[in-house]
Amino acid sequence: MTIREVATLLHAEVLCCEKLLDTEVHSACGSDMMSDVLAFVKDQAVLLTGLVNLQVIRTAEMMDMKCVVFIRGKRPDPAMIDFAITKGIVLLCSNMRMYPACGILYKNGLGAGEITV
Amino acid sequence: MTEPIRLHFEVDGENFASAGAASEAVKMRLKQIGVDPAVVRKVSIAMYEGEINMVIHAKGGRADVAIWPTHVELVLSDDGPGIADIDLAMQEGYSTAPDAIRSLGFGAGMGLPNMKKYSDEMKLESEVGKGTTVTMRINL
Ligand SMILES: Nc1ncnc2c1ncn2[C@@H]1O[C@H](COP(=O)(O)OP(=O)(O)O)[C@@H](O)[C@H]1O
Ligand SMILES: [Mg+2]
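Sequence order for the protein chains is V and S. So the first sequence is residues 4 to 120, counted in our numbering. So the second sequence is residues 78 to 217, counted in our numbering.
Everything labelled a hint here was simulated from the structure, so no lab data went into it. A hint or two may mislead.
To be verified - Partial list, derived from the structure: chain S residues whose beta carbon lies under 10 Å from chain V:
hint, residue
1, G90
2, A94
3, A98
4, V117
5, S172
6, R179
7, G182
8, M187
9, N191
What the hints assert, rightly or not - With a straight-line cut-off of 16 Å between C-alpha atoms, the simulated EDC-like cross-links for lysine to aspartate or glutamate are:
hint, chain 1, residue 1, chain 2, residue 2
10, S, K108, V, D67
11, S, K194, V, D39
12, S, K119, V, D46
13, V, K90, S, E101
14, S, K136, S, D156
15, V, K69, V, E27
16, S, K119, V, D67
We put the beta carbon where it would ideally sit given N, CA and C, even for glycine.
Throw the hints in and build the complete structure from the sequences for me.
The structure is reproduced here in structure tokens:
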């Protein structure tokens, strides 16, 4: 699906990089622990998280991710948004909680992709 | 006989938000010179984990990177507390990180194992009270 569809399904607000909304993404992961994202994630293009600090964007950038969804209504500060803009990472903000947010995306075809165990 | 590209970074231990800036600069440089994206990601993750460790465990340190035609060498050294039991520190899930670090999303005890996984060679030298040096080689 496209990032635009992710945003629609999660009733999310688009915080930056609107021009990248038609980017195709094939898998996602959800975590509040960046350590686990760095250790277990392989090619997931979307990160759902309730953690808000600059290292979230940096982790996404290191993993070549395309989109970060902040759940539970968490909002990044302007420095995080600026940083995401320079890296071309779409930031979305949704009021949903982790479990339903992941479930809705999964049900609509956005799988977990390959995970290294 | 080719000389490598050498990059040096001082990693600030006081500023959590800037942790990873050195890794990001290296990532950009590798992308610029056309290194395979899969290899760039390995270098990025390995160095980022090491950089984060210097910030959260050792109050900062130094990163020296040499980009050779055949491989990248990363040397991360600090004057922090050192590691008493290296075998233990290398175990998945072992972490002495305080809760304050965990609430920032780090401290799952996966950093050193991850650095080993993503590098082709890794050497960890440490002396309690003196500091720690991690040397990693990633083949291009
Ligand atoms: N540069 C360092 N200086 C001192 N101790 C370190 C350093 N790097 C790692 N350690 C020790 O090794 C442990 C395991 O490191 P790591 O696998 O990266 O997990 P984490 O950083 O999540 O705790 C740390 O909790 C810490 O006790
Ligand atoms: Mg670590």
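Comparing the hints with the structure gives:
no., hint, result
1, G90, "15 Å, violated"
2, A94, "5 Å, holds"
3, A98, "8 Å, holds"
4, V117, "8 Å, holds"
5, S172, "9 Å, holds"
6, R179, "8 Å, holds"
7, G182, "4 Å, holds"
8, M187, "4 Å, holds"
9, N191, "5 Å, holds"
10, S/K108 to V/D67, "12 Å, holds"
11, S/K194 to V/D39, "14 Å, holds"
12, S/K119 to V/D46, "12 Å, holds"
13, V/K90 to S/E101, "10 Å, holds"
14, S/K136 to S/D156, "8 Å, holds"
15, V/K69 to V/E27, "9 Å, holds"
16, S/K119 to V/D67, "11 Å, holds"
When the structure is compared with the earlier hints, a violation turns up for hint 1 alone.
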